[in-house]
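Based on the sequences and whatever the hints tell you, model everything.
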Amino acid sequence: MPELPEVNPPAARPPVRHDVAEPAARLELAEAGEWMRVSPKYVLVEIVGTIVNAVVVCGGASLLWLLLDATWAFWVGLAVLVVSIINLVFEPRRVRSIGYLLREDDLLFRRGILFQRFVAVPYGRMQLIDITRGPIARWLGLADLKFVTAAATAGVSIPGLAEADAEGLRDRLVELAESRRAGL
Amino acid sequence: MSEPVASARPVLAAPRTDLTDGEWHHLHPATPLLRGGIFMVAIIGFIIANLRERLIDLFMGEENYRGDPIDAIYERGATGWALLILAVVLLVIIVVFYLSWLMHTFRVTGEIVEVRSGVVFRSNRKARLDRVQGVNLARPLIPRMFGAARLEIAVAGQDGNVQLAYLGSKLADDLRRDILHLASGLRQARPPADVPGLQEATAPPLIGPATAPTAHSALGDFAAARYREFRAPELDPDAAPPESIVRIPPGRLVGSVVLSGFTVFLLLAGIGLIVSVIAGSSGWVLVAVLPGLIGSVGYYFSRITKTLRFSIAGTPDGVRVGFGLLSTSSQTLPPGRIHAIKVSQPILWRRFGWWRVSINTAGQASGRSSTPATSSTILPVGTLADVEKVLQLALPAFDTDTHRALVENGLLGGRRRNAGVADFYSNAPARAAWLRPFSWWRTGWAVSGQVALIRRGVISRDLILVPLARMQGVRISQGPVRRRLRLASADLHTVSGPVAASLSVIDVDEALVLFEWMSTGAVRSALADTSHQWSRAETPSPTQEAAE
Chain A
81 MPELPEVNPP
91 AARPPVRHDV
101 AEPAARLELA
111 EAGEWMRVSP
121 KYVLVEIVGT
131 IVNAVVVCGG
141 ASLLWLLLDA
151 TWAFWVGLAV
161 LVVSIINLVF
171 EPRRVRSIGY
181 LLREDDLLFR
191 RGILFQRFVA
201 VPYGRMQLID
211 ITRGPIARWL
221 GLADLKFVTA
231 AATAGVSIPG
241 LAEADAEGLR
251 DRLVELAESR
261 RAGL
Chain B
13 MSEPVASARP
23 VLAAPRTDLT
33 DGEWHHLHPA
43 TPLLRGGIFM
53 VAIIGFIIAN
63 LRERLIDLFM
73 GEENYRGDPI
83 DAIYERGATG
93 WALLILAVVL
103 LVIIVVFYLS
113 WLMHTFRVTG
123 EIVEVRSGVV
133 FRSNRKARLD
143 RVQGVNLARP
153 LIPRMFGAAR
163 LEIAVAGQDG
173 NVQLAYLGSK
183 LADDLRRDIL
193 HLASGLRQAR
203 PPADVPGLQE
213 ATAPPLIGPA
223 TAPTAHSALG
233 DFAAARYREF
243 RAPELDPDAA
253 PPESIVRIPP
263 GRLVGSVVLS
273 GFTVFLLLAG
283 IGLIVSVIAG
293 SSGWVLVAVL
303 PGLIGSVGYY
313 FSRITKTLRF
323 SIAGTPDGVR
333 VGFGLLSTSS
343 QTLPPGRIHA
353 IKVSQPILWR
363 RFGWWRVSIN
373 TAGQASGRSS
383 TPATSSTILP
393 VGTLADVEKV
403 LQLALPAFDT
413 DTHRALVENG
423 LLGGRRRNAG
433 VADFYSNAPA
443 RAAWLRPFSW
453 WRTGWAVSGQ
463 VALIRRGVIS
473 RDLILVPLAR
483 MQGVRISQGP
493 VRRRLRLASA
503 DLHTVSGPVA
513 ASLSVIDVDE
523 ALVLFEWMST
533 GAVRSALADT
543 SHQWSRAETP
553 SPTQEAAE
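Residue numbers (the numbering used here), protein chains in the order written: chain A, 81 to 264; chain B, 13 to 560.
Check the hints yourself; a few may be wrong.
Claimed, not checked - Residues from chain A shown here face chain B by an in silico Cβ test under 10 Å; the list is partial:
(1) A104
(2) L109
(3) E114
(4) R117
(5) G192
(6) F195
(7) D210
No lab work stands behind these hints: they were computed from the structure.
In this text, a Cβ means the ideal position worked out from N, Cα and C, and glycines have one as well.
This is the structure we're talking about:
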């Protein structure tokens, strides 16, 4: 962990690696450690969600197209269909990209391939933990865990954990938060 | 937090009131009347409107009315019934008011403030004193004329206010002080230096339910007292050194309100209107738009009267912000309750060098129940020197020369301008110009003294300061466009409010540095932070020592 200096000087920028032909453009936390991944079964939840969405939108669009003769609806429906199919292709990779990591003092979370994001939330900032189960997730024995802070933007929400894991993680997080509680 | 003597009465230096003894107390006797103020005005207005002719007759002596309700009652010989009904209605109103006053009680112990109210539907609100986010003392116009004030204790969360409405004006002042004392965790006598003798002499502590300070004095005294209160500045004398108070000249205030985006919009609308009329459109456009234009005068008026007599000062119990000409409000923010600060300058203000300072606090009710008492602006308009003073109040540990230089660079500086000078900020690389063609050279960040700084914006210049001890989390993200440019974006999560601490372009490697620094910084400064009970003597934290 880096020391916090008095002021970060402009020279604190890490050296660009010139030995590599193309310097890394992707965000990647180098020394973070081993990421915990969510259950592979979660792909199914995402796939069903995407399909349901596509069916509803395409169904509505085709109704508009066939009954009201609205040509634009056809193109909208087609676009949604294409996007959904692309989504379905990348679904497994996207689910594999979801990861979390319990560090000493904070919870790390990452997701996304094309749109990447990393979130760090100190345990002491926890306000509550939410566990929710959708119908398909329940059928697969999965649960979503949400780490809620006082911030306006939702803290961290880890989808697709096995139910036992979600409950274990919840208890662990509550315990960690208790020992590092910070007043609001 | 979980002391066994939770309800024990704390030993305070000199409680100004006897209301903090943990017993249940009543509010100001006129409370139901003041709370139902609008309703009463409506009823009186209704009666007057109905009996207008008769009233005119009473004063003018002309008999030209027929068929108003009183006539109808008289002609049908129902006078007795009418009087009876009137008496019953009055009695019911009085009984209801009395009951609601009787059932509306509050108590303050060493740990909590609790309010019970309601006759049929009882409600009970409790606020923990160590979680108080701010104490507001509001005096809306009508209660103010009657010498009453509303005390609001803001706690975190949506609509999380405990209201003591209404209290006697003087009493509310003292109770605020006592509540802040209790909240500060102060358990021993504070040096009497900050207790001015001036108030002590004139007002003995008021006891118990009879909270109307002037209830039994003569009418002349009453009026004089009201007048004194009306004249007296909102900032009470237990405020801190007067030199720390920022003064806003009325001219600057009016100028700042006029030079706003709303004026630009208004001018554009006016030009559009004139053009459309000249172009020969029908008159209805004029009819539709003109009332809006006239209404905007009201907007200016309310903006100006709301911010007139603005004052800000440091007190031992936090920053006190007061404002308002007719309805006044004075807000006390205990130390460590400010989650983010934004210093900004709209482009129209640049010529004059004016700045605005707004903050995020956890007590802000976001959205619907926005009482004007809680304001997120702690400096409506001020010069650079004013901004420095306000920041010093808001972030007391942030006042070394380096920090001042950081702030100044953050407000005025940029990568290009300070080519030779140390800029202190880690700036976005030149390739960020693809995404931020005008502001890339001002987009940068720094961490210093447990505070994260974000500098951004060129059309509207912004500097955002986030105390790391209050930060809720950090996020870095990257989409395909930024990936091609080897950039990323970063967000610091804070509680909701007008300040969004986000950095839209940052070098990708630097984003990782920022992520590490912010996440470790957040944990460390939260550990070192003791401001939730700011006066409780504790060993100075290592970070504070390091800062000095």
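Hints and how they fare:
1. A104: holds, 7 Å
2. L109: holds, 6 Å
3. E114: violated, 18 Å
4. R117: violated, 20 Å
5. G192: It holds, given that the least Cβ distance between G192 of chain A and chain B is near 8 Å, below 10 Å.
6. F195: holds, 5 Å
7. D210: Because about 16 Å separates D210 of chain A from the closest Cβ in chain B, which is outside the 10 Å limit, the hint is violated.
When held up to the earlier numbered hints, the structure conflicts with 3, 4, 7 and fits the remainder.
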